[in-house]
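Trainee: Here are the chains, one letter per residue:
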Amino acid sequence: DTGVSQNPRHKITKRGQNVTFRCDPISEHNRLYWYRQTLGQGPEFLTYFQNEAQLEKSRLLSDRFSAERPKGSFSTLEIQRTEQGDSAMYLCASSPGGPSYEQYFGPGTRLTVT
Amino acid sequence: AQKVTQAQTEISVVEKEDVTLDCVYETRDTTYYLFWYKQPPSGELVFLIRRNSFDEQNEISGRYSWNFQKSTSSFNFTITASQVVDSAVYFCALGGAGSSASKIIFGSGTRLSIRP
Numbered sequence: 001d002t003g004v005s006q007n008p009r010h011k012i013t014k015r016g017q018n019v020t021f022r023c024d025p026i027s028e029h030n031r032l033y034w035y036r037q038t039l040g041q042g043p044e045f046l047t048y049f050q051n052e053a054q055l056e057k058s059r060l061l062s063d064r065f066s067a068e069r070p071k072g073s074f075s076t077l078e079i080q081r082t083e084q085g086d087s088a089m090y091l092c093a094s095s096p097g098g099p100s101y102e103q104y105f106g107p108g109t110r111l112t113v114t
Numbered sequence: 001a002q003k004v005t006q007a008q009t010e011i012s013v014v015e016k017e018d019v020t021l022d023c024v025y026e027t028r029d030t031t032y033y034l035f036w037y038k039q040p041p042s043g044e045l046v047f048l049i050r051r052n053s054f055d056e057q058n059e060i061s062g063r064y065s066w067n068f069q070k071s072t073s074s075f076n077f078t079i080t081a082s083q084v085v086d087s088a089v090y091f092c093a094l095g096g097a098g099s100s101a102s103k104i105i106f107g108s109g110t111r112l113s114i115r116p
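Protein chains in written order, with the working numbering: chain V, 1 to 114; chain X, 1 to 116.
Do not rely on the hints blindly, as some may be mistaken.
Stated by the list, open to error - Pairwise CB distance ranges, derived in the manner of DEER restraints:
(1) X:G43 <-> V:R64: 23 to 33 Å
(2) V:L60 <-> X:T30: 21 to 31 Å
(3) X:S42 <-> V:Y101: 36 to 46 Å
(4) V:I26 <-> X:Q2: 35 to 45 Å
(5) V:N18 <-> X:K70: 28 to 38 Å
(6) X:G43 <-> V:Q50: 39 to 49 Å
(7) X:I11 <-> V:G72: 33 to 43 Å
(8) X:T78 <-> V:Q41: 36 to 46 Å
If you're looking for bench data, these hints aren't it; they were derived computationally from the structure. Remember, predicted model here, so these are calculated numbers, not experimental data. Where a beta carbon is used, it is the ideal one built from N, C-alpha and C, also for glycine.
Model the full structure from these sequences, guided by the hints.
Mentor: Right under this line is the structure:
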């Protein structure tokens, strides 16, 4: 399978716990994006990487959120001290270049904070 | 600011009918990109089409066609002879160039239900 993969697919956690999600992009893609999608809404941009550099973060990304992309390959998104409002689908996408290229999305990680 | 509006929240049609999904966008960029994505019940977003702001030619791909009109800032999507497998949420999206080049702004989506 050469598509974008995300793990885990589902995560249930208690409020206050930390969670980490992983995204493996399409191998030749140098750009990697994180989005959040809540029920009935379109995906909202969180952050993106070009290779290992994190170049932009949305205001949606509070200081409880951190993302990394060591070595420019896979990426992790960590949420510390989770809150119920963090419950959402977290989507990862990758693309081979800038804005003229389409982004290919993974299946997402559904987070439920109880 | 960039914005995408999909005014139709839900559409339901009978199989084989034609259906058009509307998309209106706002941007100050002169170079920008428009996209349509499909999100079936399985949840994974599937890329359908990309259009750049300098190419207003309509495009047809099988039963799918897209009408891009800069004068009305619209990028509408038509499915001809709809099928049950077309049932999904469809998102229109806008990508910019320059300072807004890093992300895609999605509309809120249109849920399309095709009844047999």
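Trainee: Check the structure against each numbered hint from earlier and tell me which ones fail, lowest number first.
Mentor: The structure breaks hints 3, 4, 5, 6, 8; every other hint is satisfied.
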